[in-house]
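Engineer: Residues per chain, in single letters:
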Amino acid sequence: MSGAAALNIARKVAGQASQLALPQGKPDLFNYPVSRIIQYIASISNLKDPPELRHAVRPANPELKSNTVTPELQFTTVNVPGQDQVLDPEAAETAGPAIEICAEGLVPTLMTIYNLATTKAIKAAAKEAVISQRQLEAV
Amino acid sequence: MDSLQKLEELLKDFWRKQGKASIIAAKHTEFMVEPKIFMGDQLNPEILKLLVINYLAYASKQDSGIGNIEAGPEKIVIKTKSGKPLLIVRDKNIIQGYLSRSLAG
Chain A
1 MSGAAALNIA RKVAGQASQL ALPQGKPDLF NYPVSRIIQY IASISNLKDP PELRHAVRPA
61 NPELKSNTVT PELQFTTVNV PGQDQVLDPE AAETAGPAIE ICAEGLVPTL MTIYNLATTK
121 AIKAAAKEAV ISQRQLEAV
Chain B
1 MDSLQKLEEL LKDFWRKQGK ASIIAAKHTE FMVEPKIFMG DQLNPEILKL LVINYLAYAS
61 KQDSGIGNIE AGPEKIVIKT KSGKPLLIVR DKNIIQGYLS RSLAG
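Chain order of the listed sequences is A and B.
No gaps in the numbering here: position 71 of the first sequence is 71 in this note's numbering, and each next residue is one more.
No gaps in the numbering here: position 25 of the second sequence is 25 in this note's numbering, and each next residue is one more.
There may be inaccurate statements among the hints.
As the list claims (entries may be wrong) - With a straight-line Cα cutoff of 27 Å, these simulated DSS-like cross-link-like pairs (lysine-lysine) come out:
#1 K79(B) x K12(B)
#2 K84(B) x K123(A)
#3 K84(B) x K120(A)
#4 K123(A) x K36(B)
#5 K127(A) x K92(B)
#6 K79(B) x K17(B)
#7 K17(B) x K120(A)
#8 K120(A) x K20(B)
Calculated directly from the structure, the hints in this document are not laboratory data.
The task is simple: from the sequences and hints, build the whole structure.
Structural biologist: So this is what it looks like as structure tokens:
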């Protein structure tokens, strides 16, 4: 598997991968190629169709480019997220989503960000985005 | 960079600062898996959750009765300044966390 292909798989399962946490203390070493680790992450992922949850995978160190990934690359630490938060699907369905925005659409979403923001920068950016979006919708 | 992209970058920064970034260490490099902020017209639920938790933490410290949070054992309704419901929180952990902080405060 090429590094690029491995990255593509990583993107597909990144919804789950984003929950991976580095273990405390001395980590267990997974001396497997990156492709094996990614397959492992995919196998524990509950996401059957994750494209809407695709995440960007980028080097933590900006000096390193994603194309530095090679088939020989080895993950050194991987941890599995806790499994204690599995919801009863029926209960979840009847109760509604964990957090529900009362109105649908991009503008209400941006308004929600504006209202929830606790920093001036995010508040200002959300306000700006609302104005911009409203202008676009008015055209 | 348009306003939406700017907001996305700020929210990613917020997400990183809140300690949600997971760095995958590799032999020769390491990766940070970043969330996609918007999925169509919707906000990534994880980002929304983080914003809500942060907002409630801030609100409970400042004033648990600021008027735009209606909290009960089953749900929390966050309202706009004008009193219009903005969102409904049904996540038990968030509700319990907020209520316990409010009682302690």
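Engineer: Now, for every hint given, state plainly whether the structure supports it.
Structural biologist: Consistency of the hints with the structure:
| no. | hint | in the structure |
| --- | --- | --- |
| 1 | K79(B) x K12(B) | 25 Å, holds |
| 2 | K84(B) x K123(A) | 19 Å, holds |
| 3 | K84(B) x K120(A) | 22 Å, holds |
| 4 | K123(A) x K36(B) | 19 Å, holds |
| 5 | K127(A) x K92(B) | 30 Å, violated |
| 6 | K79(B) x K17(B) | 26 Å, holds |
| 7 | K17(B) x K120(A) | 15 Å, holds |
| 8 | K120(A) x K20(B) | 21 Å, holds |
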